Amino acid sequence: MSSVIEFTFDDKELTGEKGQSIAAVLISLGTPIVRLTRFEKQPRSIFCGIGICFDCVVIVDGVANQRACLTQIRQGMSVRSQP
Amino acid sequence: MIAIIGAGPAGLAAAVAAARSGAEVALFDASTNFGGQYWRHRTDVAGYKAERAQKYFDAVISSPNITFISEAQVWSAERRDGLIQINYLQGGAESFLTVEKVILATGAHDRTLPFPGWDYPGSMTPGAAQALYKGHGVVAGKRILIAGSGPFLLPVATGLAEAGAHVVGLLEANSPLRWARSPIALLRNPLKFFELIYYLRLLRRYSLKPQFGAAVVGYENGVAQIARVGSSLRAKGVDRREIACDVVAVGWGFQPDVSLGGILGCVEKVDRDGTVIFQVDSSQLSSQANIWIAGEATGIGGADLSITEGEIAGLAASGSEIPKKLLRKRSAQHAFARALQKSYPVGDGWKEWITPETTICRCEEVSHSAILDSIHELGAEDSRTAKLLTRAGMGLCQGRICSRNVAEIIAGARKCEVSPSERIAASNRPLAAPISLGVLADGESLN
Ligand SMILES: Cc1cc2nc3c(=O)[nH]c(=O)nc-3n(C[C@H](O)[C@H](O)[C@H](O)COP(=O)(O)OP(=O)(O)OC[C@H]3O[C@@H](n4cnc5c(N)ncnc54)[C@H](O)[C@@H]3O)c2cc1C
Ligand code: FES
Chain A
1 MSSVIEFTFD
11 DKELTGEKGQ
21 SIAAVLISLG
31 TPIVRLTRFE
41 KQPRSIFCGI
51 GICFDCVVIV
61 DGVANQRACL
71 TQIRQGMSVR
81 SQP
Chain B
84 MIAIIGAGPA
94 GLAAAVAAAR
104 SGAEVALFDA
114 STNFGGQYWR
124 HRTDVAGYKA
134 ERAQKYFDAV
144 ISSPNITFIS
154 EAQVWSAERR
164 DGLIQINYLQ
174 GGAESFLTVE
184 KVILATGAHD
194 RTLPFPGWDY
204 PGSMTPGAAQ
214 ALYKGHGVVA
224 GKRILIAGSG
234 PFLLPVATGL
244 AEAGAHVVGL
254 LEANSPLRWA
264 RSPIALLRNP
274 LKFFELIYYL
284 RLLRRYSLKP
294 QFGAAVVGYE
304 NGVAQIARVG
314 SSLRAKGVDR
324 REIACDVVAV
334 GWGFQPDVSL
344 GGILGCVEKV
354 DRDGTVIFQV
364 DSSQLSSQAN
374 IWIAGEATGI
384 GGADLSITEG
394 EIAGLAASGS
404 EIPKKLLRKR
414 SAQHAFARAL
424 QKSYPVGDGW
434 KEWITPETTI
444 CRCEEVSHSA
454 ILDSIHELGA
464 EDSRTAKLLT
474 RAGMGLCQGR
484 ICSRNVAEII
494 AGARKCEVSP
504 SERIAASNRP
514 LAAPISLGVL
524 ADGESLN
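Residue numbers (my numbering), protein chains in the order written: chain A, 1 to 83; chain B, 84 to 530.
The shape of chain A in the complex, shown without the other chains (with noise of 0.2 Å):
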């Protein structure tokens, strides 16, 4: 019983299974970067994968720092890569 959710990553739509979290839609897509880094643009994804090492870490509506491995994907909400 999955039910689809629909959300944007820096404005592209995108859809994952209810109970995903954000870097595990990013990842079944292959598209597992999130970010880049804040001296070096060096790109980043998913590293402990359990919220331990905040490489993960997004805007999700507005508000910043947010791990995109706990984070769960919500109907419509508008994640953006951080700066």
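Just so you know, the hints here were simulated from the structure itself, not pulled from any lab data.
Since no wrong hints were added, every one of them can be taken at face value.
The calculated lysine to aspartate or glutamate pairs, modelled on EDC-like cross-linking and capped at a C-alpha distance of 20 Å, are:
1. A:Lys18 to A:Glu6
2. A:Lys41 to B:Glu448
3. B:Lys498 to B:Glu460
4. A:Lys18 to A:Asp61
5. B:Lys434 to B:Asp456
6. B:Lys407 to B:Asp364
7. B:Lys498 to B:Glu464
8. A:Lys18 to B:Glu154
9. B:Lys225 to B:Glu245
10. A:Lys41 to B:Glu303
11. A:Lys41 to B:Glu440
12. B:Lys225 to B:Glu303
Here the structure is a predicted model, which is why all the values come from computation and not from measurement.
For this one, chain A is given, so just place chain B with the ligands on it according to the hints.
Chain B with the ligands in isolation, oriented as in the chain A frame:
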């Protein structure tokens, strides 16, 4: 009321034991569901002895004495008029609960070591790869290489294969012959043989052949560099084998998170393998009155030991007698935990894999050479000074990933050992979770 922080095997066992003895329990977890890292917050747990998880889930759900407070990140706790106040964030809002007693069961996370390329997308912990398929039904990549050390690599590799991933290799740095050093621990834990057989069968079913004495020492553009290593982790020779993969999942056992107990003043100690853990007595009571600690935070020993410790802590906190049988069981499981340490040591040879450019602090993007410069040119003698000079460990993760490695690098450069007090200092942080200054200011105004 008893507050239990962490709803993994230890916290669940503690909750059920305390509730059966008539205590009222508030069970906190940062996740949506209970289960912790192994039973993974899903109701349909699969894997070795999965029915055990269901038993605890059912007991928690059906107990009128247990309230599960989900998605609640406990960021601090403090003593207040003989009681203990638990400060937590739930959906961005701050709340608190005041209780008589606390059981900390906050678990652990994968221990990681740096290598060139470990900060590229595709490099992750085995725990991350497992969390993706167990918790979210997503396989991390097309070709996955599992490496590092410890028995945890087995459920990850077989679980991924079962989930349909192409596992291109399973590299265990240590030799299985090291188990021969712990014959008594094995004899005291005969059930572990069944677990081993369970995994050997799965390895065969998915045609997975572990390769021993090998480690990932670099990763770039979808290619992992593999070196032959001994238990010191020093690379043997200069030859490197290459394995093409889009995910390299490397982990070196587990590292407990001691921040919350540290904030409450619970005394810590350094375990044989350098891990900082809590000091507890035979009833899992910490150095602080009314605070018990169970599970990985008192020493890494796996889910079975976590359950036993949780049960003991739950009984003790609710004032019930602890059966001798349970204490004997814990003693045998402790022996097994020691055998794990002997069988899967993490040497310091990794310091030879890293290059000057290798990122050591992922959050603040501090390189190996920047840390060395802080020692050789700026005179840093410990990780605290190096941290102030380089910002290593000052990012959002508060040094959870890098501080142990930074301390090792500094000690190596200064040709000394990391002191126990430095290990403890490097493992503690003023908040158990980063929170915004606004929340902190609101919290202060409560005082
Ligand atoms: C990613 C990962 C995967 C693992 N998979 C396996 C496996 O497949 N097989 C195996 O035998 N062992 C596995 N382990 C080892 C495992 O840690 C133990 O066997 C077992 O889960 C330990 O139980 P525990 O109750 O001590 O801790 P955990 O299971 O780690 O539970 C701790 C809980 O506390 C919560 N928590 C921590 N801090 C806070 C806080 N401040 N506020 C609120 N909640 C908090 C966490 O969300 C977590 O749910 C895994 C470990 C990790 C890190
Ligand atoms: S991947 Fe580590 S916090 Fe999300």
